[in-house]
Structure formats: structure tokens, C-alpha cells
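Peer 1: Which chain is which? The protein sequence lines are G and P, in order.
Heads up: the first sequence runs through residues 310 to 517, numbered per my numbering.
Heads up: the second sequence runs through residues 97 to 490, numbered per my numbering.
Because the hints were derived from the structure by calculation, they are not lab data.
This structure is a prediction, so every number in the text was calculated from the model and none was measured.
All C-beta atoms, glycine included, are put in the ideal place defined by N, C-alpha and C.
Hints should not be assumed to be uniformly reliable.
Taking lysine-lysine pairs in the DSS-like style, the calculated list, with each CA pair at most 27 Å apart, reads [to be verified]:
#1 P:K349 x P:K127
#2 G:K342 x G:K326
#3 P:K187 x G:K389
#4 G:K342 x P:K193
#5 P:K126 x G:K342
#6 P:K126 x P:K98
#7 G:K382 x P:K187
#8 G:K344 x P:K341
#9 G:K513 x G:K487
#10 G:K342 x P:K341
#11 G:K344 x P:K339
#12 P:K339 x G:K326
#13 P:K187 x G:K342
#14 G:K487 x G:K509
#15 G:K326 x P:K450
#16 P:K482 x G:K440
#17 G:K344 x P:K187
#18 P:K126 x P:K357
#19 P:K487 x P:K126
#20 P:K482 x G:K326
#21 P:K290 x P:K482
#22 P:K482 x G:K382
#23 P:K193 x G:K344
#24 G:K463 x G:K484
From the structure, some residues in chain P lie toward chain G, with a derived Cβ separation under 10 Å [to be verified]:
#25 L149
#26 E153
#27 K187
#28 I188
#29 N283
#30 N284
#31 I287
#32 A414
#33 G428
#34 L430
#35 E433
#36 D448
#37 N458
#38 R460
#39 S465
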Amino acid sequence: MGEDKKQKFSAEEMEIKIDYENIDVEEIMNQIKRKIASRPAQEIEQQEEETRNDYRETIPPPLTSPPGGLRSKIRRILLKLMRPFAPLIKLMVLPVDEELRETVENLDYANRRLDELIDRFPQEIGRLESKIDLNHQLVNERLELAFKDLGRAKEYTKLLHQLTHNLVVEMTKLKIEKDHLKIQSRILEKDLAFLNRREKEVEKKVFS
Amino acid sequence: MKIAFVVQRYGMEINGGAELHCRWIAEHMKKYYEVEVLTTKAYDYITWENYYLDDIEEINGVLVRRFPVARPRNPMRFGRIQQFVFHHEHKIDDELKWLEEEGPLAPALIKYIDQHRADYDYFIFFSYRYYHSYWGIQTVPEKSILVPTAEHDPVVYLRIFKELFSLPRAFIYNSEEEKNMIQRVANNSHILGKVVGVGIEIPSSWPTQQVLEQRGIASDYLVYIGRIDENKGCDKLFQYFLKFKERTNYPVKLVLVGSTKLTIPHHPDLIYLGFVSEEEKFAILQGALLLIMPSFYESLSMVTLEAWALEKPVLANAHCEVLQGQCQRSQGGLYYENYAEFEETLKLLLEDDKLREILSQNGRRYFESNYTWEVIEQKYNYIISKLEEEKENK
């Protein structure tokens with residue numbers, strides 16, 4: 310593959326450690342998941358949203374109205390017209406055992422579905438637990454990093470404080486020094502002026 | 097011993113799914129038993145309209161008996177009934193009506209099984225979800241072996257199938273995940289069952305370079321082979337791949353092989369080749385960096401096995417338990433649940449030549465130990481010998 314591309318991605322790829330002697334696909338996938346989870350929160354949210362969308366697409370669509378058609382329409386209208394007499398008609402037309410059978414069948418079906426859900430429950434819990442464990446591990450890792458960063462920032466602040474203090478002391482010293490030098494230079498100026506004047510007097514005396 | 101393979105469609109023109117699976121198994125088992133295939137005259141899996149004319153024909157040395165489809169499927173009506181059955185409280189009768197609508201409605205096939213039950217020692221039914229398996233197994237439960245080819249979709253939870261799964265003498269599963277799912281649904285772990293799957297027919301040679309030149313494929317590419325439709329997750333694959341290209345600009349193309357039911361986006365990095373011959377398929381697979389399997393529902397992905405047979409790593413959709421399980425068991429591929437994982441895994445696979453190489457070797461080893469024809473034939477023979485033992489003990 311292209312070398313330039315390799316360089317482009319190398320920084321990211323460094324994070325995934327692969328034991329080539331003993332490849333473990335699950336371990337690689339866990340590392341990839343961890344790497345994705347350690348990205349900035351906004352990006353993670355976006356990815357999670359995508360994952361949710363993906364998941365939604367795998368499950369059947371939500372309940373919709375029952376199938377239409379002329380027959381069901383007529384049935385609905387007839388039922389509406391006969392509503393006041395419906396219990397009586399039902400009682401007369403349908404044998405009670407038929408009603409009971411249907412009810413029992415529906416209950417049985419509901420029971421089976423519940424059984425199925427109960428069967429799946431431990432698995433789902435297991436999956437959730439493993440996801441929570443992974444997230445917990447990631448949060449801990451990130452907290453640890455954050456605490457390390459915080460400690461470092463604390464030390465850095467202390468250093469900065471010390472540095473500022475030292476700078477103030479040095480500046481004060483320099484100011485005193487500067488004032489002292491100023492006085493010295495004034496004295497020297499006066500001395501020079503005196504010497505100039507003296508020179509002129511001496512010259513006058515010598516040449517007169 | 098005479099064995100009948102019962103399947104919804106059968107023919108050389110049908111090149112995928114349970115039908116191809118059945119044909120290969122029948123052709124391989126004919127060296128051990130007298131084999132016949134009982135099927136319908138349908139070719140189109142949407143309408144099941146009668147297509148084949150002959151009642152009896154021989155395909156690759158296997159006698160095929162075809163029975164007419166009494167009524168083709170009306171997809172609209174079937175869709176309505178399916179919607180009702182999947183999402184509303186309903187009776188067993190509604191499920192049976194759904195089954196009848198799903199088809200292929202071939203009562204003559206069931207009648208033949210009933211009348212000729214004594215002529216065969218075992219009936220091996222392929223695909224639990226169709227008319228022929230449901231009524232065929234009800235007709236001869238004592239001689240039936242079911243190859244469910246089940247996917248984790250709502251059909252498996254229908255009540256009629258819970259009952260059906262307790263009838264056959266034995267099950268031949270495609271994967272551990274399929275076995276667990278069916279045993280969970282039907283609580284039938286007491287019935288003899290074995291994970292077998294299917295072997296792969298690999299042509300003796302394929303001209304990779306020539307095919308790539310003819311097709312104008314010059315750069316590195318990933319390949320998807322199979323039916324291109326939403327059920328196979330192809331729309332998601334296009335979305336992910338184009339996003340991957342946009343974000344990374346990686347110099348790689350996606351080659352698509354198979355008949356399409358989707359509009360493929362116009363993009364220079366998506367190369368659609370349509371339906372190709374077996375030799376061409378293997379040539380294209382051989383030239384690819386890896387195979388992508390975006391399908392949400394698979395009971396056994398034959399093309400994944402082909403990729404491993406050719407030492408190609410696989411990137412699969414993790415939402416499909418079977419594909420994820422296969423990748424983990426084989427250590428021959430990675431998988432993704434969402435775009436972020438798709439990008440990371442694909443980048444890793446494209447970048448890391450060594451990883452690709454090791455995954456390929458693992459895939460090949462997995463294929464050799466589980467899916468060569470010797471292994472598959474042994475497993476079928478084991479099931480039949482076990483049933484024979486049971487028969488003798490009775």
C-alpha cells in the first residue's frame with residue numbers, strides 16, 4: 310500500500326497493539342472499540358447515534374395499522390352498526406368454547422413470547438454487563454489520565470507561581486540597581502563638570 | 097440406501113443460497129447413497145412461477161423430480177399477511193395462511209412424498225421456512241432430516257415452527273449460532289443435531305490477471321460478492337464505503353459482483369460487474385485485498401468460506417451473529433457494528449499487511465479443518481449412521 314498513506318494513518322494505528330504470534334480478533338476489536346470510545350465526547354456521541362441508527366435498522370419496523378382492504382372495511386362498518394347487539398350476537402353465533410380456545414391460544418402465545426424473552430434476558434444482561442464493564446474500564450482509564458493531567462497542571466501552576474515570584478524579586482533588584490547606577494552617573498557627571506572647570510582654571514593660570 | 101433431498105428450487109441456473117447448498121451436498125452424497133432431488137418447477141424466488149418444463153431430469157448425475165407450483169406468490173398479498181403476522185396478535189391459522197402465501201405452494205410434491213415414503217430411507221429437507229419443509233416434515237417426520245438454513249429474523253419465532261422443530265429425526269446446522277438459536281426457540285436439544293455447513297467447489301484454475309485487465313480493474317480493491325439488495329446490507333455498505341472514501345481518500349475501490357435489486361450510486365470508486373461466471377468470480381476474489389460481508393442475516397455465508405479458501409481476510413457485519421461468530425472462531429476476519437468501527441477496521445486491514453496475511457492464513461486453516469468436502473461428507477455420513485443405529489436399537 311502507498312507509503313504516504315501509511316504515514317498519514319501511522320499515528321492512529323500505533324494505538325492498536327497486535328500480537329502477531331497469537332492473533333486474537335476479539336482483542337483487536339476490543340482495542341478498536343476502546344480507541345473509538347476514547348475520542349472526544351462529541352465524536353463519540355455522533356458515533357453512538359450512528360450505532361443506534363444501525364441497530365434500529367436491524368429490528369423490525371414499528372407496529373402499523375392492520376392490513377386494510379375492502380373486506381376489513383365492510384367488517385368494521387357492519388360491526389359498528391351492530392355494536393349494541395354485538396355481545397348477544399357473539400354469544401349466539403360463536404360457541405363460547407371457541408372464544409375460550411382463542412383466548413387460551415392468545416394467552417399461550419403471549420406466554421411463549423414471554424418465555425422467549427425470559428430466555429434471552431440473561432444473555433442480554435450478560436451483553437449489557439460486558440458493555441458496562443468495557444465502558445467502566447474506559448471511564449476509569451480516562452479518569453486516570455485526567456487525574457494525571459490535573460496533577461501535572463498543579464505542579465506547573467506551582468512552578469509558574471515560583472517563577473513569577475522570582476521574576477518580581479529580580480525586577481525589584483534590577484530597579485534598585487538601576488536607581489543606584491543613576492545616582493552614580495549623576496555623581497560622575499558632577500565630578501566631570503568640576504574637573505572641566507578645574508581644567509579651565511589651571512589652563513588660565515599656566516598661560517597667564 | 098436411498099435419500100431424497102427436498103428443496104424449494106433446484107437447477108444449474110441457481111447459484112446461491114440453500115438451493116446451491118442442496119445441489120452441492122446432493123452431488124457429493126451420490127457416491128455414498130442413491131440420491132434423488134424432489135423440488136418444484138419454480139426458478140424465481142419472489143413469485144415461484146413455474147419455469148422448468150420437465151417433470152424428471154438429470155443434473156450432474158442426480159435424478160431431479162419436479163412438481164408444479166399450484167399458485168404463484170402474490171408479493172403484495174404476502175407482504176400484507178407477513179406484516180400482520182409479524183406485528184400483531186394472531187392465530188395459528190394466520191401463520192399457516194402466511195406459509196401458504198409464502199410458498200412455493202406445491203401440494204403435488206407433498207402428495208408424492210406421502211405416497212412414496214416407503215421408497216426412500218431419509219428425506220433431507222432444506223430451508224425450514226418454506227411450504228415444502230413444513231408440510232413435508234409433517235408428512236414423514238420419522239424419516240426427515242432438516243437443514244434449517246435459519247437466520248435470526250422474526251420468522252423463526254412463529255409458533256408453527258416451534259412445533260416443526262420438534263419433529264425431525266435430526267438437524268444439520270450451518271453454524272453454532274444457528275444451532276443455539278433453534279434450540280433456544282424450540283427447546284429441542286434432545287434431537288440429534290450437528291453443525292456441518294457446506295463445502296466449497298473451487299475451480300481448478302482462474303485467470304486473475306486476464307479478468308482484471310478485461311474488467312479494467314487496475315488499482316487495489318475490496319470485493320462484495322452476492323445479491324445486491326437491502327437485506328444483504330448493501331445500502332449501508334455503499335453509505336459506509338463512500339463516507340470512508342470521503343474521510344480518508346484511501347486509494348481503494350469497491351468491486352460489486354452479483355445481480356442487483358438496488359440502485360448503485362454513481363461513483364468512480366464503486367465498480368459494478370453484475371453477474372459473472374464461477375471462474376471470473378474466483379479470479380476477482382483472488383485479486384481483492386479482502387472480502388466485505390455487510391449482510392445482517394446469514395445462516396452460513398458461502399462466499400465468506402470461499403474467501404477463506406482463497407486466503408482472503410473478511411470484514412463482516414457484526415450485527416449478524418453468524419458472521420461475527422465465524423470471524424471469531426476462524427480468527428480470519430474483523431467485524432464492525434457502526435461506521436466508526438467500519439472505518440477503523442478497514443483502515444487497519446488496509447494498512448497492516450502482516451495482519452491481513454495472518455488473518456488469511458487463519459481463514460484458510462479454518463476452512464480446511466471444517467469445510468472441505470471430506471469433512472462435510474463425513475459429518476453427513478455420521479448423522480445417517482447414527483440414525484441407522486437408532487433404528488436398529490428400536
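Peer 1: All hints are to be evaluated individually against the structure, with a verdict given for each.
Peer 2: Hint check results:
1. P:K349 x P:K127: Given pair P:K349, P:K127 is violated - Cα atoms ~43 Å apart, limit 27 Å.
2. G:K342 x G:K326: Given that 27 Å is the threshold and the Cα spacing comes to 13 Å, the pair holds.
3. P:K187 x G:K389: With a Cα-Cα distance of about 23 Å, the restraint between P:K187 and G:K389 holds, given a limit of 27 Å.
4. G:K342 x P:K193: 45 Å, violated
5. P:K126 x G:K342: 48 Å, violated
6. P:K126 x P:K98: Measuring from Cα to Cα gives roughly 10 Å; hence the hint holds.
7. G:K382 x P:K187: Judged against 27 Å, a Cα distance of about 21 Å means the pair holds.
8. G:K344 x P:K341: Holds, because 21 Å separates the two Cα atoms, which is no more than 27 Å.
9. G:K513 x G:K487: Violated, at roughly 39 Å.
10. G:K342 x P:K341: 21 Å, holds
11. G:K344 x P:K339: Status holds; Cα separation ~19 Å.
12. P:K339 x G:K326: Roughly 26 Å between the alpha carbons, so the hint for P:K339 and G:K326 holds.
13. P:K187 x G:K342: 44 Å, violated
14. G:K487 x G:K509: The hint is violated at about 33 Å.
15. G:K326 x P:K450: Holds: G:K326 and P:K450 sit about 13 Å apart, inside 27 Å.
16. P:K482 x G:K440: Measuring from Cα to Cα gives roughly 42 Å; hence the hint is violated.
17. G:K344 x P:K187: Status violated; Cα separation ~49 Å.
18. P:K126 x P:K357: Violated, at about 35 Å.
19. P:K487 x P:K126: 22 Å, holds
20. P:K482 x G:K326: Given pair P:K482, G:K326 is violated - Cα atoms ~47 Å apart, limit 27 Å.
21. P:K290 x P:K482: OK: P:K290 and P:K482 at ~11 Å, within 27 Å.
22. P:K482 x G:K382: 56 Å, violated
23. P:K193 x G:K344: This hinted pair is violated, its Cα atoms lying about 50 Å apart.
24. G:K463 x G:K484: Violated, at roughly 31 Å.
25. L149: 36 Å, violated
26. E153: 40 Å, violated
27. K187: Since the shortest Cβ distance to chain G is 6 Å, the answer is holds.
28. I188: 7 Å, holds
29. N283: 9 Å, holds
30. N284: P:N284 check fails; min Cβ-Cβ to chain G is 13 Å, beyond 10 Å.
31. I287: For P:I287, the interface hint is violated, since the closest Cβ of chain G sits about 18 Å away, which is over 10 Å.
32. A414: Given a least distance of 8 Å, the restraint on P:A414 holds.
33. G428: 8 Å, holds
34. L430: 6 Å, holds
35. E433: 6 Å, holds
36. D448: 7 Å, holds
37. N458: 7 Å, holds
38. R460: Constraint on P:R460 not satisfied, violated at 13 Å.
39. S465: 16 Å, violated
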